[in-house]
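Put chains B, C and D on the given structure of chain A with help from the hints.
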Amino acid sequence: MDFRYTPEDEAFRQEVRAGLRAILPDDIRERQRLTTTMNSDTHDQRVWFSLLDDKGWSVPAWPTEYGGPGWSAIQKYIFEDEMYLASAPEFQWTGTHMVGPVIYHFGDDAQKERFLPAIRRGDHIWCQGFSEPGSGSDLASLRTHAKLEGNKYVVNGQKIWTSTAYEADWGFFLVKTDLTVKPQAGISFLLIDMKSPGITVRRIPQINDEEHLCEVFLDNVEVPAENLVGTPGKGWTSAKFLLEHERTSSAFIFWNKRELRRARMIADDIVHDGRPLSQSPAFAGRLARLEADLAALEWSVLRVLANESHGFDASVASSILKLRGSEMQQATTEIQVDLLATRGLRAYVPGRDQPAPSLPDWPEYVPGRTAIATIMRAATLYGGTKQVQKNILAKLAFGL
Amino acid sequence: MDFRYTPEDEAFRQEVRAGLRAILPDDIRERQRLTTTMNSDTHDQRVWFSLLDDKGWSVPAWPTEYGGPGWSAIQKYIFEDEMYLASAPEFQWTGTHMVGPVIYHFGDDAQKERFLPAIRRGDHIWCQGFSEPGSGSDLASLRTHAKLEGNKYVVNGQKIWTSTAYEADWGFFLVKTDLTVKPQAGISFLLIDMKSPGITVRRIPQINDEEHLCEVFLDNVEVPAENLVGTPGKGWTSAKFLLEHERTSSAFIFWNKRELRRARMIADDIVHDGRPLSQSPAFAGRLARLEADLAALEWSVLRVLANESHGFDASVASSILKLRGSEMQQATTEIQVDLLATRGLRAYVPGRDQPAPSLPDWPEYVPGRTAIATIMRAATLYGGTKQVQKNILAKLAFGL
Amino acid sequence: MNFDYSEMQQMLLDSAERLMKERGQVEKWRERRHIESGLDADGWAQFAELGWLMLPIPEDAGGLDGTMEDVALLNIALGKGLATEPYINSVVLSAYILDQAGGAHREALLGGIASGEARVALAHAEIGDRYDIDTPRATTAVHDGNGYKIDGAKSVIFDAPSATHFIVSADLADAGTSLFVVEAGAAGLALESYPLVDGTRAADLRFGGLVVDADALLASGAQATDLLFAATDRAAIAAVAQGVGSMEACLDLCSAYMKERKQFGQPIGNFQSLQHMIVDMLVATHQSRSALYGALAALDGEAQARIRAISAAKVVMGEASQLVMRHGVQIHGGYGVTDEYAISHHYRRLLSLEKAYGDIEYHVARLAAAHIA
Amino acid sequence: MNFDYSEMQQMLLDSAERLMKERGQVEKWRERRHIESGLDADGWAQFAELGWLMLPIPEDAGGLDGTMEDVALLNIALGKGLATEPYINSVVLSAYILDQAGGAHREALLGGIASGEARVALAHAEIGDRYDIDTPRATTAVHDGNGYKIDGAKSVIFDAPSATHFIVSADLADAGTSLFVVEAGAAGLALESYPLVDGTRAADLRFGGLVVDADALLASGAQATDLLFAATDRAAIAAVAQGVGSMEACLDLCSAYMKERKQFGQPIGNFQSLQHMIVDMLVATHQSRSALYGALAALDGEAQARIRAISAAKVVMGEASQLVMRHGVQIHGGYGVTDEYAISHHYRRLLSLEKAYGDIEYHVARLAAAHIA
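Protein chains in written order, with full-length UniProt numbering: chain A, 1 to 400; chain B, 1 to 400; chain C, 1 to 373; chain D, 1 to 373.
This is chain A alone, in the form it adopts within the complex (with noise of 0.2 angstroms):
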């Protein structure tokens, strides 16, 4: 046991933090610190995704004949922690976290070909249909079809909680291409072109004033048959494979060190009585809690990276990290909501050319903190809720 950063792992800290800050355009890194959003901007993703291949680092976790860097798991926890001090654009997980390493693991070499290094580069936006309006947290209950016809699949049907579809270029979708097994067995995994004829997106209006989430409509949509990914009928493996590959990112643990960060800021920057917030009892009691929840949810991370061997059980370490995970995101964003008091009713409508307010109240990190800590409410929804996650721990860890 030895819990400390070897020197090696330090260093690699101050080459990464250097690498970021020589590439990170000035204009990309302000408007994600100021960010208002819950997701950064679609065009500075882009374009910071092909500067950090340009340097070998955008695809942290591939495997290197993919392009990966060939990092540990320590030196990939230290470059994200390093690209969010960095205040760089969030990755878009749909790419290279979600089906990118599907392809890898299940594609064949022309979908690899095909579609890896547009991911790598940040040239293809993707998104994720696999919930329907019947089947939130219950996949086994999918409806929409794909029906082979010659060389392609002809799918109809409908998909929701699809974020981004609306700007993506690829969509990963689960769809039945068997209706005469049981459930779970007919279910295939398919990459299909946003722009192919047949499908409608329609974004749904969001309780913080966002469109992010939509809901994709398939009617007739025409997709080659090369698109499938895997084994026909087995794409329930794919997607389980996809949910349960990145083990601790539903710790969001740099995003929940970041917003923690942003609180403190902001509580040191508002001063009532004489003192700043995060110098009354009643904040700076709430912070250190949240301080403390939080390292130990950044220990429970580097225990699964780790690969703790003794008396453990990953796949319960990491249910454990997403239920914690997004119960922190939902603390560490009500408590700059609370730290605002009736200025964060304010309500913005979240976007690239949001307005500066204009009196000197109203500093630059007041407009997205509300609209974010709100739709932090879906941090327990999706993905299984919160309930489902703890039947699931019950099952996992005590065998109930």
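In short, the hints are calculated from the structure, not lab data.
Don't take each hint at face value.
Below, simulated DSSO-like cross-link-like pairs (lysine-lysine); rule was C-alpha separation at most 27 angstroms, straight line [said to hold, decoys possible]:
hint	chain 1	residue 1	chain 2	residue 2
1	A	Lys112	A	Lys195
2	D	Lys262	B	Lys386
3	A	Lys234	A	Lys182
4	C	Lys262	A	Lys395
5	A	Lys234	A	Lys395
6	C	Lys259	B	Lys395
7	D	Lys259	A	Lys395
8	B	Lys386	D	Lys259
9	B	Lys386	A	Lys395
10	C	Lys262	B	Lys395
So the derived list for chain D, only partly shown, Cβ under 10 angstroms to chain B, looks like this [what the hints assert, rightly or not]:
hint	residue
11	Val197
12	Glu340
13	Arg348
Chain C stretches covered by chain A per the calculated footprint, using a threshold of three residues with CB under 8 angstroms from any CB of chain A [unchecked claim]:
hint	stretch
14	188 to 201
15	269 to 279
16	321 to 332
17	352 to 358
The C-beta atom is built at its ideal place from N, Cα and C for all residues, glycine as well.
Coordinates of chains B, C and D only, in the frame set by chain A:
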């Protein structure tokens, strides 16, 4: 709508206050004020009941024909409030609040004459024999059996969680008198002299070093048939009546107010960093929140007492009292433990002859705080666990 | 002690429930919030017609002289129906100040409020405030001829865009904090308006050499701050009432959704975890209504008891609202975070009600301080 | 970064789990706690035999020179087995002070601790303290011939009844807080002993003209308080470790009970509400172990980071322990509040561990203050 006490209410309060002050013996009051156990001293209870009965105040909730004073609901509320403020011994509920009302509601004249005056005077301490080892929250699965042989029942079985059984004069028991019908239908309500041959009482050592809870073993206990209250096989009705009859007592509102007063007194008394803990922000905040919660609970009690009529379901409201009341019993005593820091870890074998601590930093309020806070975990267990209560409420309030 | 509704209260409630049911539908609410001033003129006229705007106004000023109990009951209904009209600010808070302060404007303005023609917003909060009431104001008033000249700025003034008048607090040399009536269109007053998350509107105000007559002065010094405290307490009670109504609506929404929505082949209402969540919501909501009654009982009593009861109610409602709105969305799954489901609008309204007239932290601190004082 | 056990750690753990399994049975525990001094001599001899008492002692003083990671692992096992021996106070806390302070007693006392003959308890806390470390002591020491004379009192000194020696803090004129070694049987020292809820023993100490030699002085002033801070931090880490072990045991107890206990015709483990409760316990326990690792990582690092990490771990463990012990009893129903079920003993032990070496409030405040400093 008028939420104020009337001048008559206020006058009644003064009358009760003066009356109690006049009759409550100093030594009994002091023992109650410094109590280190959950239940008041049994001897003090007996004495105090006879004194109260002299004044006609020992059974405020009973109809006047059985010796009740004929007070309104609000007057009864004021009376109990004053009882706690006066540090009077607590009521032995089993007699006055439980079996008494069952007897005057379901019993025959002989039973009324025999038992009610003794309860009113405090001559008889009663215990309750409902739960069994295999049926905690699930009363329908009772197994204790009473077989009618001539003019007596022969009882065999086992009860558990029978508080005070070791010093009770009488017990009221739920027993199966008919094994041929479905579970709830064959249950009868039987009064048993606790000195009957065949009864063995085992005191259960508790988490807080008390031994107040008991197991009662019944081995061919002979009980006169005349001790069965109500219709044979309809004991369930009496039990339900008993459990629902006191709609507000499970809020423990006076108890909770007393314990919050005690917490505040302790917080005022302990000085650290040059100020009483009641002024340290962390404890001041906790005390304020408890006060807010308790104010809400008190008004929830008053709403039930005053028979609020519009859009108001009294069963739902009193289930809420039970839930919140028990949580508040835990919260108001936990803060006392936290206030005491390491001093709260000292174990006292509770009892009447508790030695006073000797050093000046062991004030009289230290003994008993942790013992009582610890046994308070039972508050969300007895009378149906918190989880069972919530199941019931989901059904009652929402039909779920 | 009597918890039942009087005949008048029952009539009030019946009318409120009828109107709110019609107006409170989420589609209508979603349209209404795009009105630039934040005020639906037709709706406000209906409020006037039904007598709601004259409810707490004294009889001698053309009102109904209703009690705070009446006001609270109405506001429960308004909260249930997601009403975002400036009822609390104008009819509860400002009308109370105008009534108590007396003076030249009293009758006309109260009459205007009662008829619906006037809407008065309190412009007290300033940059750097955090629910401050008696800290000195940076906005200044100086004697100017027969009247006063006001300079300064105000921050996050609720309902300002639809207000016809403001009650402006300013520091007046030798007199301390003073309250002035200012017309919305007055020269030297500039508004920067913006929407709030709950669909209401607020504004930042700037005063640049704004001149008012001598009779615009309502109160000064201790009288002014006492009035502000008392009026804000009434507003807090009304906000608690709206919160209770909104939470009661959330219970209905969630109960219905739990019965209708199916997952894993059964209504989600069958799952014990969700049952316990809605029960926790019920308990919190019930306690909030009880705490509201406690606040009403203490309103005219001894000062420390009043402060404690009102802050207790705001704390209980604030904590309850956070639980109810969060559980409410969670029960609705993904639909809960869309603008299309009513629960998300109650979420935003409850967020706002928790923060209005003192948030949880403020009232916890005030309640704690009431023990030290 | 490496989270796996070394060979030595694995051996340590194996031996600990074997012994604790045997000793940790609730019946044995219930007997053990009636020993008047709080110390089971046979058990302590076994601790010595297995080398546990020499684990953190430096090699030159007859120890194994183990790391805090080793100590933490052992303490997890001790917590799991409900060990109430004075391990933390004597072997972790006091041994650290004796080692770092050096001086005449170092070798003998450390050797004694390692062999099991000596048990040293820190006697620092006084009337009116609340985990104070660097506030001036009311207990005084004055020069007396070649040595010192000590007068005063100490309050709630853990493990005092079984201690052979004390490290006593006292105010020494001109030198500030100073630490002295005092033998348990010394003239002028009186103990009032009592049991704690977790079955351990503590005492109040009175010093009436107690005289020690010159070489009893271990450290003074800043050196003394620095030592106290550092040693208490190590004790806090060990307490967190015991808490983690105890909570892990609670999970096992509850999981087994949920499978075995039937209500309403089925194992209570079928009920979703109880499933979610045990999952919450699991999450809290897991986070506590993670926070413990974080504290270990920061122990030898920069001062503010160390304080933050250790206080964070104590806060996370403290909060977790409250949840775990309360849920643990609740899951057990009525049996949970009896002395006969192991869960109730873990309840009391966790209560004690939360309060030892700084409770939640203390560490929240310390963590918050570390940002201001």
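Exercise. CA of Lys262(C) to CA of Lys395(B), is that 27 angstroms or under?
Worked result: 18 angstroms, holds
Exercise. Does the alpha-carbon distance linking Lys234(A) and Lys395(A) stay inside the 27 angstroms limit?
Worked result: 24 angstroms, holds
Exercise. With a cut-off of 8 angstroms between beta carbons, are at least three residues of the stretch 269 to 279 of chain C near chain A?
Worked result: holds (count 3)
Problem set entry | Hinted pair Lys234(A) and Lys182(A), Cα distance within 27 angstroms | Satisfied, since the Cα-Cα distance of roughly 12 angstroms is no more than 27 angstroms.
For this session: Under 10 angstroms, Cβ to Cβ, is where Glu340(D) needs to be relative to chain B, so tell me if that hint holds or is violated.
Result: 7 angstroms, holds
Exercise. Does the structure keep Lys112(A) and Lys195(A) at a Cα separation of 27 angstroms or less?
Worked result: Holds, at roughly 21 angstroms.
For this session: Under 10 angstroms, Cβ to Cβ, is where Arg348(D) needs to be relative to chain B, so tell me if that hint holds or is violated.
Result: Holds: closest Cβ of chain B sits about 7 angstroms from Arg348(D), inside 10 angstroms.
Exercise. Can the stretch 188 to 201 of chain C be counted as covered by chain A under the rule of three residues or more with Cβ-Cβ separation shorter than 8 angstroms?
Worked result: holds (count 6)
For this session: Quickly compare the C-alpha distance for Lys259(D) and Lys395(A) to 27 angstroms and report which way the hint goes.
Result: Cα-Cα ~12 angstroms, so holds.
Exercise. Once the shortest beta carbon distance from Val197(D) to chain B is found, is it less than 10 angstroms?
Worked result: Cβ of Val197(D) sits 5 angstroms from chain B, so the hint holds.
Exercise. Are the Cα atoms of Lys262(D) and Lys386(B) separated by 27 angstroms or less?
Worked result: 17 angstroms, holds
Exercise. Given the hint that Lys262(C) pairs with Lys395(A), does the C-alpha gap stay at or below 27 angstroms?
Worked result: Between Lys262(C) and Lys395(A) the Cα gap is close to 22 angstroms, so the pair holds against 27 angstroms.
When the structure is compared with the earlier hints, no violation turns up for any of them.
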